[in-house]
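Novice: These protein sequence lines are chains A, B and C, in that order. For the first sequence, the tail end lands on 332 under our numbering, and the numbers increase by one without skipping. For the second sequence, the tail end lands on 310 under our numbering, and the numbers increase by one without skipping. For the third sequence, the tail end lands on 373 under our numbering, and the numbers increase by one without skipping.
Note that these hints are calculated values from the structure, not bench results. None of these values were measured; they are calculated from a predicted model. Some hints could be false.
Stated by the list, open to error - Cross-link-like lysine to aspartate or glutamate pairs, in silico, EDC-like; alpha carbons within 20 Å at most: (1) A/Lys324 to A/Glu290; (2) B/Lys115 to A/Asp59; (3) A/Lys315 to A/Asp190; (4) C/Lys185 to A/Glu94; (5) A/Lys315 to A/Glu160; (6) A/Lys315 to A/Glu301; (7) A/Lys324 to A/Asp307; (8) B/Lys91 to B/Asp185; (9) B/Lys115 to C/Asp27; (10) C/Lys185 to A/Asp117; (11) A/Lys324 to A/Glu189; (12) C/Lys185 to C/Asp175; (13) A/Lys315 to A/Glu189; (14) C/Lys185 to A/Asp95; (15) C/Lys185 to A/Glu113; (16) B/Lys115 to C/Glu25; (17) B/Lys91 to B/Glu182; (18) C/Lys185 to C/Glu257.
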Amino acid sequence: MRKPRFAWLAMLAALALVAAACGDDDGGGDGTNGDDPFRIAIVAPSASNDLAFSQSIVDAVNLIAQERGNVTVQVTDGMFVVEDAAAAIRGYAEDGVDLVLAHGSQYGGSLQEIAPDFPDTAFAWGTAADTFDLPNVFSYEAASDEGGYVMGVMAAALSESGIIGVVGPIEVGDAKLYVDGFGVGVLAEDPGATVNINYIGSFSDVALASEAAQSHLAAGADILTGTAQMVVGAIGVASQNGLPWFGTQANQTSLAPDIVVASQVYHWEVVLREIIANIEGGTVGGEIYEINLANGGLVIEFNDGFDLSDDVRAKADAAIDGIKSGSISTGQ
Amino acid sequence: MSDLFTQAVFIAMVASGVRLAVPLLIASLGEMFGQRSGVLNLGVDGIMLLGAFSGYYAVLRSGSVWYGLAFGTIIGLLLGIVSAVIAVTLKAEQGISGIGVYLFGLGMSDLLFQKLVGTPVPISSFPKVQLPLLSEIPLLGGMLFRHSLVVYLAFVAVPVSMWVLNRTTFGLNIRAVGQNPESADSLGVSVARVRYATVIIGGTLAGTAGAALAIDLGIFQQNLTNAAGFIAIALVYFGAWRPLGVMAGALLYGLVNAVVLQMKTLGIIPLAWSDIAAMVPAIITILALVVVAQRFRPPAALTTPFSRGT
Amino acid sequence: MGYLVPVAAVVAALLIGAVILLRLEADPVEALGVMMRGAFGSSNALMNTAIKATPLLFVGVGITIAFRANVINIGGEGQMVSGALLATTTALVIPELPAIVVLPTVLLAGIIGGAIWGAIPGALKAYYGVNEILSTIMLNVVAVQLMNFLLRGPLIDPAEIERGTRIPQTERLIDSADLPHLLGKLHIGPLVAVLVAVGAYLLMWRTPVGYRIRAVGLSQDAARYAGIEVRRTIVLAMTLSGAMAGLAGAVLVFGSESHRMVTDGSTAGFTGSAGFNGIVAALFGGLHALWTIPASFLFGGLLVGGLAMQRAVQVPSALILALNGLVVVFVVSSDRLRRRLLARDYTGRRAAPTSTNDPPGETSPAEAEANDR
Numbered sequence: 001m002r003k004p005r006f007a008w009l010a011m012l013a014a015l016a017l018v019a020a021a022c023g024d025d026d027g028g029g030d031g032t033n034g035d036d037p038f039r040i041a042i043v044a045p046s047a048s049n050d051l052a053f054s055q056s057i058v059d060a061v062n063l064i065a066q067e068r069g070n071v072t073v074q075v076t077d078g079m080f081v082v083e084d085a086a087a088a089i090r091g092y093a094e095d096g097v098d099l100v101l102a103h104g105s106q107y108g109g110s111l112q113e114i115a116p117d118f119p120d121t122a123f124a125w126g127t128a129a130d131t132f133d134l135p136n137v138f139s140y141e142a143a144s145d146e147g148g149y150v151m152g153v154m155a156a157a158l159s160e161s162g163i164i165g166v167v168g169p170i171e172v173g174d175a176k177l178y179v180d181g182f183g184v185g186v187l188a189e190d191p192g193a194t195v196n197i198n199y200i201g202s203f204s205d206v207a208l209a210s211e212a213a214q215s216h217l218a219a220g221a222d223i224l225t226g227t228a229q230m231v232v233g234a235i236g237v238a239s240q241n242g243l244p245w246f247g248t249q250a251n252q253t254s255l256a257p258d259i260v261v262a263s264q265v266y267h268w269e270v271v272l273r274e275i276i277a278n279i280e281g282g283t284v285g286g287e288i289y290e291i292n293l294a295n296g297g298l299v300i301e302f303n304d305g306f307d308l309s310d311d312v313r314a315k316a317d318a319a320i321d322g323i324k325s326g327s328i329s330t331g332q
Numbered sequence: 001m002s003d004l005f006t007q008a009v010f011i012a013m014v015a016s017g018v019r020l021a022v023p024l025l026i027a028s029l030g031e032m033f034g035q036r037s038g039v040l041n042l043g044v045d046g047i048m049l050l051g052a053f054s055g056y057y058a059v060l061r062s063g064s065v066w067y068g069l070a071f072g073t074i075i076g077l078l079l080g081i082v083s084a085v086i087a088v089t090l091k092a093e094q095g096i097s098g099i100g101v102y103l104f105g106l107g108m109s110d111l112l113f114q115k116l117v118g119t120p121v122p123i124s125s126f127p128k129v130q131l132p133l134l135s136e137i138p139l140l141g142g143m144l145f146r147h148s149l150v151v152y153l154a155f156v157a158v159p160v161s162m163w164v165l166n167r168t169t170f171g172l173n174i175r176a177v178g179q180n181p182e183s184a185d186s187l188g189v190s191v192a193r194v195r196y197a198t199v200i201i202g203g204t205l206a207g208t209a210g211a212a213l214a215i216d217l218g219i220f221q222q223n224l225t226n227a228a229g230f231i232a233i234a235l236v237y238f239g240a241w242r243p244l245g246v247m248a249g250a251l252l253y254g255l256v257n258a259v260v261l262q263m264k265t266l267g268i269i270p271l272a273w274s275d276i277a278a279m280v281p282a283i284i285t286i287l288a289l290v291v292v293a294q295r296f297r298p299p300a301a302l303t304t305p306f307s308r309g310t
Numbered sequence: 001m002g003y004l005v006p007v008a009a010v011v012a013a014l015l016i017g018a019v020i021l022l023r024l025e026a027d028p029v030e031a032l033g034v035m036m037r038g039a040f041g042s043s044n045a046l047m048n049t050a051i052k053a054t055p056l057l058f059v060g061v062g063i064t065i066a067f068r069a070n071v072i073n074i075g076g077e078g079q080m081v082s083g084a085l086l087a088t089t090t091a092l093v094i095p096e097l098p099a100i101v102v103l104p105t106v107l108l109a110g111i112i113g114g115a116i117w118g119a120i121p122g123a124l125k126a127y128y129g130v131n132e133i134l135s136t137i138m139l140n141v142v143a144v145q146l147m148n149f150l151l152r153g154p155l156i157d158p159a160e161i162e163r164g165t166r167i168p169q170t171e172r173l174i175d176s177a178d179l180p181h182l183l184g185k186l187h188i189g190p191l192v193a194v195l196v197a198v199g200a201y202l203l204m205w206r207t208p209v210g211y212r213i214r215a216v217g218l219s220q221d222a223a224r225y226a227g228i229e230v231r232r233t234i235v236l237a238m239t240l241s242g243a244m245a246g247l248a249g250a251v252l253v254f255g256s257e258s259h260r261m262v263t264d265g266s267t268a269g270f271t272g273s274a275g276f277n278g279i280v281a282a283l284f285g286g287l288h289a290l291w292t293i294p295a296s297f298l299f300g301g302l303l304v305g306g307l308a309m310q311r312a313v314q315v316p317s318a319l320i321l322a323l324n325g326l327v328v329v330f331v332v333s334s335d336r337l338r339r340r341l342l343a344r345d346y347t348g349r350r351a352a353p354t355s356t357n358d359p360p361g362e363t364s365p366a367e368a369e370a371n372d373r
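In isolation and in its complexed conformation, chain A is listed as follows (with noise of 0.2 Å):
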């Protein structure tokens, strides 16, 4: 009965005949006449369509392509397994794509040790304000802050309880900035408010995120926000119960068109535009980059259906002006 084993060894063997007649139709992808595309890459942790982080940075890469023509762009979404993100960018980098972009800020501990082995590729990753020293990396931000701020401000005008109920996956990074921003800008407009924050502990239960949103509005609140993919089950909430949502990373309008006030959604094109302008240059790295209100690459989008008052408008207008000529500190 030692045989029955090799049932392994044959399928190995099976395996590698295949791998082996498949190797030879493909040269690689060295176009040779002349007008090479520009290649673009995208290694993101969520899925590309899930109108926060990684959507965000998906059609941002896509509308850059439609402007210039002639540009490709790969993308491999969903790499919330850090090692295997790793494999792809430097899968990518192997490839020969011309820029890649690691988008999650937990992709950046890889990044410092792939991207010394393509000197020539450039890298950009974020959210973060790091490029290691590295010649060939760039990196990226969002002030989210910025736009928690001016949400805060709006939130706490528009309260009645003075009580806000915040939704959170966990306190790190790019949601956290928001928070904290939505916190500052709620006690600047409101000292007496309260801010509810509960980060729940995962990026992807959404219906503890969605019960999470009935825990604040048993406490009293009656302004709810939320960032990270997760609370569309908080937004569903919100809907049910006609409360004002304050949404951030991609415009949320579209999940709850009533009572979506306005949503920080993030342009990264307007930092992709600079990054390629220098990789054509020649530089393939060393910069960091920041979006933000003042240089458009934040956008406070308003929802229309929301009937939100002039007033409301006002302050929100004169908060996004303050924090543009920086008359106004959203404490980060």
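Fit chains B and C to the given chain A structure using the hints.
Specialist: Coordinates of chains B and C only, in the frame set by chain A:
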């Protein structure tokens, strides 16, 4: 701490726990039937995810939450048949084929969502039904009797399951097959047929649970269940293979989660400790199990495929 | 013909994948070709596959120990995390010493971390009758939150606090804890895993300890009658199983691209689901440590090839998961058929093993051999 016990907060917290318990309860009851007959189906979460997407998609296209629930249930039934073929006829290693079904459901539900829907579009969710008289009871009314119809149905399924399991021939056969398939077989009970039936019940209810979850949330997203199917399996053990026990487990798990959430919201649990707080439901489940496990044994033939006359 | 069955099963699963690819308007021949090439088609691909297979093999070897004792350890995910956490913590506090001292120390820490996380459900089962499926699932939940807590707080890279970015990751761990590289990107992880598999094989089939574990798995009553300490053996089997998973976690950290521990908030984000896939590998290998080696390699290849296919053909990564699941279902489902055909191929010896209260899996060749003695 006092904030936690104002009446409004307390009622909302219990109601939240009940809502969280419902998908777990439905899926868990179904899985219980399979396990009672000796089949461990680890694929529950995969079936829930496909049921969730199907239910969501049907509501999106038809506008009717009930069509959605029915469609999710039917998809669950079909996957139940597939699971039964795998586990009973092909006698596959149960735990592992289940993980295969889970991975398939996790990937396929997301793939279908991306291709058929794209970005999340909200759907209408179940209307709340206030039970006459009962919903007027102080405290209890708000906690238990102002939910959607699905919530009531889930709890009605508990006594129904008890009746089926303990008072019908089918139930007797299930228990016999799970305890001692050889002697059940010698008494003329078709082990395969009983197991087919229970695994299909399990799949169907998993599909229902998934659809109920998606429609209740009014949205679908990649990995919507967030491994709730695995918790459901654990609750079958927790409930000692009995409907009431399963219900108690689902409620406990839901309530502990709800209490932790409410305490975080009210700032009773400081932000820095939110991760630690998130462990609490799991730890309480383990501790409760230490108490429960002293008294109950699993079905003797659990995870063992049956072949006659070998 | 029996040994062609798993091949046919994989082909059948890939055929379904091909149909899905057609629906996605991708060229299935090209896609599956890329997949195979990406897994096995070049030395670079083979190295990727070996690295991906490493945690599967460690976990799988642990599973061959636990399942043989009739303990269903599905807590590999949590055990990997706890092993990685203890190993990482050790690497953060250990002074700069030569690698020859540092590396074994931190790997041992990983082993201990995983062993603790395995011993808990083992003891709960042995002494309190708590079902291990439940307790290991719950401990997975506890481990992920512990990881999030530690990486956001006590273990976080001080630079992250300084910059205010607060990415939940440690600083880059000391160089002497890096797994040495054999060739290009290939570190010693796969080699260690193979050695561990051989060691586990010897333990299980050539030592009294292994004999006791298997005896408890076959029949607790008989084992007790034979004077074996059943409870202690169950705890031991789970401890060893957890230790293997813990080592997988440590190797994942020290062999990672980033040489640090990072969390995205989920267990799978760190483990890549190796805690589950390792079980599949072990069962493909018939719960036999040596056969788990090619099984892990094959399975790792499938995962690596899937990523390569995703990159090249630009299909959603969800398809890879679905395909992964299909392959598992098909191979496991066809297992009986394979065994029946094999029994026919080798008539003259005993027929295919019958179903008893055995641990999952089948009677392996070596077990049959041991029984013959």
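Novice: Indicate, hint by hint, whether the structure satisfies it.
Specialist: Hints and how they fare:
For the proposed pair A/Lys324 and A/Glu290, the alpha carbon gap of about 13 Å is at most 20 Å, so the pair holds. Between B/Lys115 and A/Asp59 the CA atoms are separated by roughly 17 Å; this keeps the pair inside 20 Å, and the hint holds. About 12 Å separates the Cα atoms of A/Lys315 and A/Asp190, which keeps this hinted pair within 20 Å; it holds. Simply put, C/Lys185 and A/Glu94 have alpha-carbon atoms about 13 Å apart, close enough for the 20 Å limit, and the pair holds.
The suggested pairing of A/Lys315 with A/Glu160 holds, with an alpha-carbon distance near 16 Å, which does not exceed 20 Å. In summary, the hint linking A/Lys315 to A/Glu301 is supported, as the alpha carbons are separated by about 15 Å, within the 20 Å threshold. Of the supplied pair hints, the one linking A/Lys324 and A/Asp307 is violated, its CA atoms being roughly 25 Å apart against a limit of 20 Å. Distance hint between B/Lys91 and B/Asp185 is fulfilled; the C-alpha atoms sit about 17 Å from each other, no more than 20 Å.
Of the pairs offered as hints, the one joining B/Lys115 and C/Asp27 holds, with about 17 Å between alpha carbons and a cut-off of 20 Å not exceeded. At roughly 11 Å between alpha-carbon atoms, C/Lys185 and A/Asp117 fall within 20 Å of each other, so this suggested pair holds. Distance restraint check for A/Lys324 and A/Glu189: the Cα-Cα separation of roughly 18 Å lies within the 20 Å cut-off, and the hinted pair is therefore satisfied. Straight-line distance between C-alpha atoms of C/Lys185 and C/Asp175 comes to about 16 Å, which keeps the hinted pair within the 20 Å bound.
Taking the CA atoms of A/Lys315 and A/Glu189, the gap is near 9 Å; set against the 20 Å cutoff, the hint holds. Restraint check for C/Lys185 and A/Asp95: the C-alpha separation of about 17 Å stays at or below 20 Å, so the hint holds. At most 20 Å may separate the alpha-carbon atoms for a hinted pair to count; C/Lys185 and A/Glu113 meet this at roughly 12 Å. Restraint check: the Cα-Cα separation between B/Lys115 and C/Glu25 comes to about 11 Å, which is no more than 20 Å; the hinted pair holds.
A hinted pair counts as satisfied when its Cα atoms are at most 20 Å apart, and B/Lys91 with B/Glu182 qualifies at roughly 16 Å. Restraint check for C/Lys185 and C/Glu257: the C-alpha separation of about 9 Å stays at or below 20 Å, so the hint holds.
Hint check: a violation occurs at hint 7 only; the rest are consistent with the structure.
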